[in-house]
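The listed protein sequences correspond, in order, to chains A and B. Last residue of the first sequence: number 1019 in the numbering used here, and the count goes up by one each step with no gaps. Last residue of the second sequence: number 510 in the numbering used here, and the count goes up by one each step with no gaps.
By construction, these hints were calculated from the structure, which means they are not laboratory data. Ideal Cβ placement from N, Cα and C applies to all residues, glycine included. There may be inaccurate statements among the hints.
Selected chain B positions facing chain A (Cβ under 8 Å, derived; list incomplete) [claimed, not checked]:
| no. | residue |
| --- | --- |
| 1 | K170 |
| 2 | D187 |
| 3 | I221 |
| 4 | R257 |
| 5 | P326 |
| 6 | P391 |
| 7 | W416 |
| 8 | L419 |
| 9 | Y426 |
| 10 | R453 |
| 11 | S464 |
| 12 | I465 |
Beyond 12 Å from chain B on every Cβ pair, some chain A residues (computed) [claimed, not checked]:
| no. | residue |
| --- | --- |
| 13 | P906 |
| 14 | G923 |
| 15 | C957 |
| 16 | F976 |
This is what each chain is made of:
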Amino acid sequence: MTIDRVSGVGLALFAAVVLEETWRQRLPLGSLANPGPAYFPGALATLLLVAGVAVAALGAGAARASSLDWREWRHGVAIFATCAFCALALERLGYRLTVVIALTFLVGVIERRWPAATGAFALALALGTFWLFDTLLRVPLPRGPFGF
Amino acid sequence: MLDVLHNLALGFSVALSPAVLFYAFIGCVIGTLVGVLPGVGPLAGISLLLPATFGMDATRAIVMLAGIYYGAMYGGSTTSILMRIPGEAASVMTCIDGYAMARKGRAGAALAIAAVGSYIAGTVSVVGLMVMAPPLARIALSFGPPEQLALLLLGLLVLAYMSSGSMLKALAMAALGLLLGTIGIDQMTGYMRYVYGVVELGDGLGVVPVAVGLFGVAEILATAGAPTPPAVMKPKLRELLPTLDEWRQSAWPIARGTVLGFLIGILPGSAHIIASFVSYAIERRVSRRPQEFGHGAVAGVAGPESANNSATSGAFVPMLALGVPSGPIPAVMLAALMVHGVAPGPLLIENQPALFWGFIASMYVGNVMLLILNLPLVGVFVNILRVPYPYLYPAVLVFAILGVYAVNNSVVDVWIMLAMGVLGYVLRKLEFETAPIVLGVVLAPLIELSLRQSLAMSAGHYSIFVQRPIAAALLAFGAALVLLNLYTFVRRGLDWRARMALAEKGDSS
């Protein structure tokens, strides 16, 4: 399987799911002269389906999918998990606490940096960005327990 | 002409008064800060500071708000070049080659070229605003929904045609972006589409989380764990300024970007975004070394940056001359003028010459201020690259999350950014370009609305698109691009994009 074949099939499948969802949500299609809310997404999903099939059909000469290098995936998962933690914790723990925990994990655990430097970096960035955005620019950032 | 010079003298007498000069400076400083920080953006910056101008007179208020607007456009390139985080959608194209230049140790040159290009574009486009405002505004008014639809479609086709690699893949990405752009409330009927009970999705996917995810987060996912992470840069003072050759390479892109940005800027819609995308596409097409694009081409920074700053001035044309805002930012500025009892429109120049010409002159002064402010800051900003990558990428992630969250105070936006980061990472591995997705997300609501408005105007007849000359010409040009690509495909020959893609593969292997 080549890269283009994999991506073409993926795009076509995604488009098929969108078409199915459009039908399942019972969005009115309207007519050619008077398009309804399902018309534009339906047309785009059809276009994407056709494009996906075409990419797959014409992709015989592309590089093989097995040649892709995914060596960084462990790091990627850790970064993704940290971001997901931030999204979950931001409004529960507050901005400062969330950022301190996230940075300590990324720099201290994943990158294995010196603990004191990690702590100082995490605290400085969390408090500094909070001061800049919340205090100076008046962009309200979430506060956690005890108003921290 | 003598009248214009006389009026300009009046304008400078207003703009150079200490109080107006002070507010222009404050606006430029805040704007630069707003632009540098990802996520805040000029619209949020102007909206937040609008109440602060209520106590001022109209000239000072509009001068300060305009300073924030073009200051943000200047500053927006900084994070794009240094961190691959677009401060706002117009900086997306700067990310590609600006960041590549930074990784080659040319961050200072990229920032300087962006600043000088922005200055030239800003200044020249003010001349255009001054001389051509009334006639250009009338042309802009002749752009109804059919013309707008044709222009938007042409913008997408130009981008797909000019992109490296397969036009089919670029069009697939544009279709994916457009599809993502349909999420939310249907503007014509109020139906909710693909929101699955998430109220925040009702407004659709924000451009900032999509752009930051596809560019910033995807970059970090791809590079942080790479066997050889990006090296620490230690830029020397002499490396901060562009070389003579880099200046030479940027001269024509700046000129083309300025003209293109101004002309697109006067049109309704997200003009400055389209201007930067189209400018990048054109620069790649006309370049003698298109294979350098994506790998640190000077023209890839100079063109789009000039275009988006020039479009900023262009956007003021319909606002001042006709009282018709061409986008959300001019709309907020229009509101600011009206709060101060000023009615923009054809009579503004006659009734309030001091305000109109003072504003024009303040834009010249503001652009000089921004250049003076930004060039020395290049040396400060590039020091970010001295930070070792294990510290730099977590900090960039924090800024990305913070910036995205700050736009709407919504965690949903952070999730969108994360999802787009993963999508961008996978698409990058599969050799797809992600810029058309961002453009698609921006344009989807505009395209759909203008299509349905056009059909409502014509009682459902599609012939409206060929009966109106401007729309017909734009669509014919778009069709020609598609046919040109099909012709190449049928002939089984390799066109310039395929040759370029092959050359790139050859380089990397």
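Hints, verified against the model:
1. K170: With Cβ-Cβ at 6 Å, under 8 Å, it holds.
2. D187: Holds, because the Cβ-Cβ distance from D187 (chain B) to chain A comes to roughly 4 Å (cut-off 8 Å).
3. I221: This hint holds: I221 (chain B) lies near chain A, its Cβ roughly 6 Å from the closest one there, short of 8 Å.
4. R257: violated, 30 Å
5. P326: violated, 25 Å
6. P391: Given a least distance of 4 Å, the restraint on P391 (chain B) holds.
7. W416: holds, 5 Å
8. L419: The hint holds - L419 (chain B) has a Cβ within 8 Å of chain A, the shortest such distance being about 5 Å.
9. Y426: holds, 7 Å
10. R453: holds, 6 Å
11. S464: Constraint on S464 (chain B) not satisfied, violated at 11 Å.
12. I465: I465 (chain B) check fails; min Cβ-Cβ to chain A is 11 Å, beyond 8 Å.
13. P906: P906 (chain A) not clear of chain B: closest Cβ-Cβ about 6 Å, inside 12 Å.
14. G923: Violated, because the least Cβ-Cβ distance between G923 (chain A) and chain B comes to about 7 Å, which does not exceed 12 Å.
15. C957: Label violated. Min Cβ-Cβ 5 Å, cutoff 12 Å.
16. F976: At roughly 9 Å from the nearest Cβ of chain B, F976 (chain A) sits no farther out than 12 Å, so the non-interface label is violated.
Violated hints for the displayed structure, listed by number in ascending order: 4, 5, 11, 12, 13, 14, 15 and 16.
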